[in-house]
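Enquirer: Using the sequences plus the hints, can you model the full thing?
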Amino acid sequence: EAGVAQSPRYKIIEKRQSVAFWCNPISGHATLYWYQQILGQGPKLLIQFQNNGVVDDSQLPKDRFSAERLKGVDSTLKIQPAKLEDSAVYLCASSSSFQETQYFGPGTRLLVL
Amino acid sequence: GDSVTQMEGPVTLSEEAFLTINCTYTATGYPSLFWYVQYPGEGLQLLLKATKADDKGSNKGFEATYRKETTSFHLEKGSVQVSDSAVYFCALSGGTSGNTPLVFGKGTRLSVIA
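Protein sequence lines correspond, in order, to chains A and B. Each residue of the first sequence is one higher than the one before, counting from 1 in my numbering. Each residue of the second sequence is one higher than the one before, counting from 114 in my numbering.
Since the hints were made in silico from the structure, they are not lab data. One or more hints might be untrue.
As the list claims (entries may be wrong) - No farther apart than 25 Å at their CA atoms in a straight line, the calculated lysine to any residue pairs in the SDA-like style are these:
1) B:K165 to A:T101
2) B:K219 to A:V112
3) A:K11 to B:K169
4) B:K169 to A:V112
5) A:K44 to B:A130
6) A:K11 to B:G156
7) A:K44 to B:F131
Expert: Here you go:
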């Protein structure tokens with residue numbers, strides 16, 4: 001069974017530029033999560049989808065971050081404009097449904113200069 | 114809100130030493146508890162989990178017991194190997210809000226030397 005796929009693996013941009021990350025969950029997984037992991041800290045939830053609907057985006061900085069999950073499969077997370085403090089690893093995870101085990105992708109490491 | 118506190122690292126051990134990484138949590142309700150591991154250059158992998166009080170999760174020689182009375186989920190291994198060198202994260206899900214996103218501790222880096 002293929003795991004969670006993410007791209008790109010690494011991205012370097014300058015502040016005020018925009019960037020987008022892509023996630024393809026495990027086939028059939030209805031629940032998808034985006035987490036932000038700042039160096040030296042544990043991951044923190046940004047947004048949770050159930051199929052193509054948003055369940056929880058309370059910690060998403062909506063003035064600059066946006067995310068979508070069209071057709072309830074792939075998802076895209078966008079930052080516009082980026083700030084220095086957005087430098088982090090962005091992790092995508094999926095699970096077959098609520099309360100089931102979450103499986104993580106390899107992450108996208110973002111550096112904002 | 115819910116939170117997880119785990120021991121500060123880094124932890125450096127010799128091969129075959131006994132490992133304990135402490136983890137305590139704050140949450141009402143009945144959260145599920147997890148240990149995730151992140152090997153160098155790789156993504157987070159589920160190591161073990163426990164879904165109710167007194168459950169013991171185990172995998173690859175690692176164990177952790179869900180202690181509701183002490184709100185703890187300490188990770189243990191009797192004899193570590195160099196290949197266990199990684200960052201270990203304690204996490205909970207389904208606590209106060211009943212929601213399922215994971216709440217993580219800050220992670221503990223383990224280095225095992227031969």
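Enquirer: Which numbered hints does this structure break?
Expert: 3, 4, 5, 7
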